[in-house]
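Chains A and B, in that order, are what the protein sequence lines are.
For the first sequence, the residue numbers in the numbering used here are 1 to 220.
For the second sequence, the residue numbers in the numbering used here are 1 to 145.
Some hints could be false.
Keeping only pairs whose Cα atoms sit at most 16 Å apart, straight-line, the calculated EDC-like set for lysine to aspartate or glutamate is [claimed, not checked]:
1) K8(A) with D108(B)
2) K8(A) with E16(B)
3) K189(A) with D96(B)
4) K8(A) with D12(B)
5) K150(A) with D96(B)
6) K8(A) with E104(B)
It should be emphasised that the hints constitute simulated quantities derived from the structure, not laboratory data.
Here is how the chains run, residue by residue.
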Amino acid sequence: MTHIDINKPILDKNDRLAQSNKELLHKKGIFTLDLMASPGAGKTTAILATIEALKDRYNIAVIEGDIASNVDALKIKAAGIPAVQINTGGICHLESDMIRSALDQLPLDNLDFIIIENVGNLVCTTEFYLGEDAKVMILSVPEGDDKPHKYPGIFQTSKAVLVSKTDTLPVFDFDMDDFNKTVGSLNPKAPIFPVSAKSGEGMSDWTEWLVAQIEAKRLS
Amino acid sequence: MHEMSIMQSVLDAAFEALKQSGETRITEISLTIGEQTDIQEIPLNFAFDALKQNTPARNARLRVKMFSTRSHCNDCAADFDHDRFSMLCPICGSVDIALLTGRELRIDGMEADSQPFEGADENVDIFADIIEEARAEAAHTLKDS
Chain A
1 MTHIDINKPI LDKNDRLAQS NKELLHKKGI FTLDLMASPG AGKTTAILAT IEALKDRYNI
61 AVIEGDIASN VDALKIKAAG IPAVQINTGG ICHLESDMIR SALDQLPLDN LDFIIIENVG
121 NLVCTTEFYL GEDAKVMILS VPEGDDKPHK YPGIFQTSKA VLVSKTDTLP VFDFDMDDFN
181 KTVGSLNPKA PIFPVSAKSG EGMSDWTEWL VAQIEAKRLS
Chain B
1 MHEMSIMQSV LDAAFEALKQ SGETRITEIS LTIGEQTDIQ EIPLNFAFDA LKQNTPARNA
61 RLRVKMFSTR SHCNDCAADF DHDRFSMLCP ICGSVDIALL TGRELRIDGM EADSQPFEGA
121 DENVDIFADI IEEARAEAAH TLKDS
């Protein structure tokens, strides 16, 4: 019987490849966002509205993660933006090797900003580092203000939290004060941006925050 | 069900270590998991039992050490236990705190011996895959630098 010391992070392989993704993106001066949310929270709609607001100022690309189909990548391409679709084939989150093969297909020399749309999931996506500069999450108003109580991990991992579909607030009992309080106790440093991609309300605060991140990355 | 991916990574690391050690069979694998990782013992064991079939770990048991959350305050230097819903220093109220424990996701080590394991022949390919993957990864890293 032999005892063998390993003493390594379980996700060592994922983390090392993520680190190499990060170094590659850093060399190219690209700010990279990992956008997480449940299915139907409005990730693609928020991405399209963000692209619309920033496309004159920055060169943007999108990496789309879904279990199957390329419907999201087609929507992004229709907006004139380079997009790569990853199909995980059942895996509930993206991993760093999937991101690496997507990066190999993008014109990195001409990009300032990459948005990774992770698989719709409030749990598994938080644990996997992809090489991004920031993880950001979206919670939509119809999902309810109790989600930070039920899925604390994702709220803690996010550098910023978007509350989407605020145009539906009049028809849902979403207690924004309670929500802000819970997120504040889980992650006091994360700004919360209530947005409606439909009416455009709140989008400028969100895009201003993004511009600050992208500029900081370009200067670094 | 991210426990499947987590457990596959555990087994990959364990097989690599087994290969280097020259032993043939894994009898125990020890992990340390922090409560903030949202990794649960029951699905972890389920994934372990499913993935260890036809591998040198097929008779191995899993030992999991769970860690609760403890932080250090960068303002008043206090160390304190807390749950994930109170990310403020209970002494001075600062938000500038650093986690000491609670996010562990570590494979500590394993026990192995030189006994043959059932299904040994099927397993030759597992090592071949690991070596091939390690080569591809090394090539990738070289390309970047």
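Hint check results:
no., hint, in the structure
1, K8(A) with D108(B), "holds, 7 Å"
2, K8(A) with E16(B), "holds, 12 Å"
3, K189(A) with D96(B), "holds, 9 Å"
4, K8(A) with D12(B), "holds, 12 Å"
5, K150(A) with D96(B), "violated, 24 Å"
6, K8(A) with E104(B), "holds, 10 Å"
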